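These are the residues of each chain, in order.
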Amino acid sequence: MRRALAILCLALAWPAQGQEGELPARSQALLLLRLLGYDRGLARQPGEPVVVAVAWRTGDEARRDEALEALREAAARYRVAGRPVRAVPVQWEAGPFAARLHEAGAAAVLVVGGLASQAEALARPFQEAGLLSATTSRAAVEAGLTFGLVWRGARAGVLVNVAAARAAGADLDATLFTVAEPVGGAAGGPAVR
Amino acid sequence: MIVRPDGRPGRRARALAAAALALLLWPAGAAAAPGGDAPESDIEAVPLESLVDLSLGAASLHQERVSETAAAAFVLTGDDLRAQGFRTLGEALGAVPGLYGYRDDIYGMVGVRGLGTLNDYGTRLLVLLDGHPLNDSVGLAGTRTGRDLPVPLEAVKRVEIVKGPVGSLYGPTAFLGLVNVVTVDADDRASLARLGGETGAARALGGEGSAVAAGRLGPARVTVAVQGFASRGADVRLPELTLARPDRPGAADPTVRGAGGSGAASALLRVAWAGFTLQGACGGWGGGLVAAGYGAVIGSDQNRATTRTCFADLSTTRPLGAALTLDARAAWDWTGYRDAYLYPPPPEGYGLFRDTADDRWGSGELRLTWRPGPGTLAIAGATGQLHRTLQRAYVDGLPSVREDPVDGVGAGDLPADYATVNAYLLLDQRLGATLRAHLGATWYWHQTFGQRITPKAALVWSPTARDVVKLIYSQGFRAPTAVEAFYDDAYSYLANPRLRAEVVDAGEVIWSRQLGPDAALTASGFASRYVRLVQFRTVPAPGVADPDPADPLDWRLQAQNAASLWQRGGELTLTGRFGRWLSGWAGLSAQTVTAAAHANSPALIGQLALTSRALWEPLALSVHASALTRRALDPDNLPAGGQTHLPASLQVGAAALLDLPGLRGLSVELGVTNLTGAAAPDPLPADYTPVTRLPQAPRTFRLALRWHPD
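From first to last, the protein sequence lines are chains G and F. With the first letter of the first sequence counted as 1, position 132 gets the number 128 in this note's numbering; the numbers rise by one all the way through. With the first letter of the second sequence counted as 1, position 331 gets the number 355 in this note's numbering; the numbers rise by one all the way through.
If you're looking for bench data, these hints aren't it; they were derived computationally from the structure. Note that the coordinates shown come from a computational prediction; the quantities given were computed from them, not determined experimentally. A virtual CB, placed ideally from N, CA and C, is assigned to each residue, including glycine. Keep in mind that a hint or two might mislead.
Across the chosen pairs, the derived CB separations fall in these ranges [to be verified]:
# : chain 1 : residue 1 : chain 2 : residue 2 : range
1 : F       : A354      : G       : A95       : 45 to 53 Å
2 : G       : A170      : F       : A551      : 26 to 34 Å
3 : F       : L241      : G       : A100      : 39 to 47 Å
4 : G       : A95       : F       : G386      : 29 to 37 Å
Example chain F residues on the side facing chain G (calculated, C-beta under 7 Å, incomplete) [claimed, not checked]:
# : residue
5 : P63
6 : V76
7 : A336
8 : S339
9 : A346
Construct the complete structure from the given sequences, taking the supplied hints into account.
Next comes the structure, spelled out in structure tokens:
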């Protein structure tokens, strides 16, 4: 009996697979690249790779690797705004976060795992650095991240925090909203034309 | 056949194994353009709509887009189910291109691309509830596509349908295809209550209620769903009931009161906490048997059947490093069937004759998912099951034929216990920028019916951002059910323990094209060879040397491995979602089955389902229709006039869904089934002689109130 209890405790303590019900990493990667394609600002900066940072925190190494792999797979197939794509990991806890994103030359950030719960703290630095951000959490988009990559019934769905996109200096094509759902701030202004 | 008679893999199996090994050894980074080659495509050329297309997880045990999965797949969303007013899974499946519903006096069943075997009892279509298989191995305890599904449709987020065998993952039962019912979870934050009623022609009257809640309860993610249903049924005319059998006089009035009268209830609970998910569900259905099969007394309300399903499932998913994930599952299931048929009291008859069938089984599954590099996925796992089945055929207070071979009635207890193992391997490898290879195989072992290897191989090619071409070869097999192999009631059925597993080899080419942002067209051609298909045949009763063709007591039904047959055809599906204006699909499936007398095989199956909110956004108007060309009757149960086929049939339904303005979360649903009042009968097997066909339920109107505060 004690052995069974010990096995049960061990199993409970064993780190579980992250949040259930997320979009597959490959879908996240393709959607994020496609969404970046709606930012006409990227096309005005030819030549350099579009760097997508995978932002993660300790404990989410598997999610980081999964996202990096998916982004690199997508980057091997597609350019964004005529530019190649590069994916890099950036850890939340290791030193000044915004500065390291800047050093990496990131144009966008995919926030993975539990770090999405820090959306309120992340939103302002991202916007000040002109970074578009994506997450699988609707709450994180409502808290200020730019794109939500979520389930909508059996389909993938895209959420856009228009105010956050505007604050990050994005120039989004309005045709995006034939598919995407705006949340947070009202649509309009310079972020969407 | 892959396994040789000596049990060793044959040449084809070895070739497939070599191909699988080659794929596994393919450089993991092959898809990542080694050497730093620049990508060839602009992401802007990919329609965003194609990236948000419907998703399914059942075909390959991981979430992927329908357009990319290595299978002929279709997904019904929860919105589709609600908008069209479907009240059972069977109604919804009947609207899926290539599928068609049919029924006997007890069960609703689903045929796929022209193959809808009578007495099928749902044993060739795997039904999963959130990945948990609901089918039993007895083969008599319900199809889970009617009111016996242990979850209300209000709790369904989507229904994933795969047409064609999926034996390479799931082993038996996924013989014609699979249906995975995915329910809402905490992320959907769903809560609703629905109360409805139905009435219509021929005194039909019924009511139902259901409630669903999904959300977080502290650290736990919880889903609860319950439902109840009752109907007194309608009055139907079965003119053939006036025909006398040698053991039964014909009825003076062929009208059966309360046909379809039934009741059902179900409950589902799922709790996810600390990485574990515990799910349990129970459902039950009971109803009258109007066609008075097996020579029972016509019109008796004691002719009844009930089915029960219960299961509990504990699962967890754990990472074993960066690229490896372990899924583990343990489950316990029970299904039970009870029926009673009334006969005249002794000495003319038996009184109330009862049949029961139970299957209790425990199962465990371990699965490893490995993603060693970009574009590579390998899944390996094994499921073990221990079944304990018991069938009984008896009359209260009388000995069985085993106890008293002279005066006994019914076969008595027929127990059968056995173990099964299903080990599977799936490899999915991207080969360059536009090509994906998919290989899979199962090794299945059945303690009674032996072992076999079932392979699958597929290529998925995306030559442009709008086109996908799939080339699929897959096998399926199905071990005989306990009813087919062992059931012997000493009155109507004969056992056949010499039965062998039936096998299908299927090939299919599928081309999908995105037609602009809102529509997609899919065309496919398929060819399947079925070997040793199990069908019930009418054979002389044991010891009867010169059976009287007109006397049912001189004959028995026995499951036999029928001759092989080919099924060849093509399918066209057009789907469109033009915002609020119009959404829906249309499908046409044309096929031939190379057995002239094969019953219930329409050459053409057509479906149409449309929904529009164009008139007024809170109001969704929907219509759906399904059409079948003529079908052969059971050659063992033909009417006296020499008719061999049923005519073509068309069934139409419509629904209106109104979100009441100013009353947040409150909706009214109005629906009508069988709008044209078509008889559209289905063929009945020889169990029901002299009744050869069963008409559809009459036109029925449904009204419901739905409250969904989220």
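Can you name, in rising order, the numbers of the hints this structure does not satisfy? 2, 4, 7, 8
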